[in-house]
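Asks: Take a look at the letters that make up each chain.
Protein chains: 2
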Amino acid sequence: MAEALTSEAILVATEEVLRRYGPAKATVVDVAKALGVSHGSVYRHFATKAALREAVTRRWLDAQHAAMEPAFDQGLTAAEMLRIWLQKLFDRKKHSHVEEPELFATYLVLVRESRAIPEFHIEHLVGQLARIISAGVETHEFVTDDVNATAQAVWDATDRFHHPAHAQEWGDPHIQDAFDAVVSLIIAGLRYNRSPSAAGDA
Amino acid sequence: MAEALTSEAILVATEEVLRRYGPAKATVVDVAKALGVSHGSVYRHFATKAALREAVTRRWLDAQHAAMEPAFDQGLTAAEMLRIWLQKLFDRKKHSHVEEPELFATYLVLVRESRAIPEFHIEHLVGQLARIISAGVETHEFVTDDVNATAQAVWDATDRFHHPAHAQEWGDPHIQDAFDAVVSLIIAGLRYNRSPSAAGDA
DNA sequence: GGACTGACAGATTTCACTATCTGTCAGTCC
DNA sequence: GGACTGACAGATAGTGAAATCTGTCAGTCC
Numbered sequence: 034m035a036e037a038l039t040s041e042a043i044l045v046a047t048e049e050v051l052r053r054y055g056p057a058k059a060t061v062v063d064v065a066k067a068l069g070v071s072h073g074s075v076y077r078h079f080a081t082k083a084a085l086r087e088a089v090t091r092r093w094l095d096a097q098h099a100a101m102e103p104a105f106d107q108g109l110t111a112a113e114m115l116r117i118w119l120q121k122l123f124d125r126k127k128h129s130h131v132e133e134p135e136l137f138a139t140y141l142v143l144v145r146e147s148r149a150i151p152e153f154h155i156e157h158l159v160g161q162l163a164r165i166i167s168a169g170v171e172t173h174e175f176v177t178d179d180v181n182a183t184a185q186a187v188w189d190a191t192d193r194f195h196h197p198a199h200a201q202e203w204g205d206p207h208i209q210d211a212f213d214a215v216v217s218l219i220i221a222g223l224r225y226n227r228s229p230s231a232a233g234d235a
Numbered sequence: 034m035a036e037a038l039t040s041e042a043i044l045v046a047t048e049e050v051l052r053r054y055g056p057a058k059a060t061v062v063d064v065a066k067a068l069g070v071s072h073g074s075v076y077r078h079f080a081t082k083a084a085l086r087e088a089v090t091r092r093w094l095d096a097q098h099a100a101m102e103p104a105f106d107q108g109l110t111a112a113e114m115l116r117i118w119l120q121k122l123f124d125r126k127k128h129s130h131v132e133e134p135e136l137f138a139t140y141l142v143l144v145r146e147s148r149a150i151p152e153f154h155i156e157h158l159v160g161q162l163a164r165i166i167s168a169g170v171e172t173h174e175f176v177t178d179d180v181n182a183t184a185q186a187v188w189d190a191t192d193r194f195h196h197p198a199h200a201q202e203w204g205d206p207h208i209q210d211a212f213d214a215v216v217s218l219i220i221a222g223l224r225y226n227r228s229p230s231a232a233g234d235a
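Protein sequences appear in the order of chains A and B. The first sequence lines up with residues 34 to 235 when you count with our numbering. The second sequence lines up with residues 34 to 235 when you count with our numbering.
Any given hint might turn out to be false.
The list makes no distinction among identical chains, and a pair is therefore deemed to hold if it is satisfied within one copy or across any two copies.
For lysine to any residue, the following SDA-like pairs were computed, each having C-alpha atoms within a straight-line distance of at most 25 angstroms [as the list claims (entries may be wrong)]: (1) Lys127 x Gln201; (2) Lys126 x Ala198; (3) Lys127 x Glu102.
For the record, the hints were derived by calculation from the structure and aren't laboratory data. Since the structure is predicted, the reported quantities are computational estimates derived from the model, not experimental observations.
Make the full structure from the sequences, and use the hints.
Replies: Right, dumping it as structure tokens:
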């Protein structure tokens, strides 16, 4: 008899099975086979197949969050930090999609399966944006009376460069120019923004 | 024998068949049946099923372009015109998606089928944006050294509010707030924008 | 006695088979 | 003689029986 079966070992095996067979073909039986146990044992640790896949997704998103944690470098302006953060997010997504399209598609399916997870994931990243904008407001580099709403607006305005629905556009040779133009427009806006409710356009 | 079969009559019948059966079920035989002719006759006017559907799509997009033509009202600032135009586009799309989801889905499938058409459609709308921004530059309300690139940036930054991939989010009760926040941010940026290449963030 | 197995019922997926559809064209009909 | 038909071949989609999968649980094995 080998070591006792752990949830951790099941998650690792499930990731491997998903990587090899893809989300449509990966079965609980496959996972059990990879671990050399019966599939009944897997159900001892995860109540349903959905719960198992959700756990894998959560694990993967946690790693994404950690990688995106912004560095508050003293030598950088908030605008520079914001541009670097958005570029990093874009580069990571683009690289993942271009270099490993199947794995990207697999995790896209997993993320879409869960209702609550994507929302939490986005809130986390928008929170990171809010911290950068907040730093800019403190140095009077940016103007806004609602940091969170503005962070959400920056997130929404850059949707094309992080939302997986637009992934196919990321191969376009001019996509970096489009990204730069949008980010420049946003940064210009942050220097001179008013809240939506107080906004008189004239 | 009825009137001679015209391309126009075939297009009208095809629209009706698409509306009733949806894009997956609508066949050339159905169209011919609706017109009381054999399906061979339809092929006399359109070389392939794809060409027929493309003609229907082109017809529909032309109507969309016409409806979005901006009004250069003397009493409005460029910012007001821009906000009105973007709101109109958003309202039209949202209304279409919420009120007639099946028809919206049908035309979404049709648009995706053709390679060249969507590109032309977007260029047309970005051109309308460019004219509004150009008007703002002339009155020194907006600052930019590349009107077309900036128009494209405004289009990209508002993707979430016109790209059909985001249609499901348009039912969110807070979507109008998100829209207002993004548009305010963009308009603030247009007042103080620099080109991507000349942009020093510090 | 608690981790694990394997047989099982119901749900889902697969696959071979059949229907229908697309596109062609020789022939018909004013 | 030109618009139209309808039978046809190859391609595509629908269908239903068989195989597989999910989730359960009584029983096995240290």
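Asks: Compare the structure with each hint and give your call.
Replies: Here's how the hints hold up against the structure:
Taking the shortest Cα distances, lysine 127 and glutamine 201 sit within 25 angstroms of each other both inside one copy (9 angstroms) and across copies (24 angstroms). Both within a single protomer and between protomers do lysine 126 and alanine 198 lie at most 25 angstroms apart by alpha-carbon distance, with minima of 12 angstroms and 18 angstroms respectively. Within a single copy, lysine 127 and glutamate 102 get their C-alpha atoms as close as 18 angstroms, which meets the 25 angstroms cut-off; across copies the closest is 35 angstroms, which misses it.
Comparing the model with each numbered hint stated earlier shows that all of them hold.
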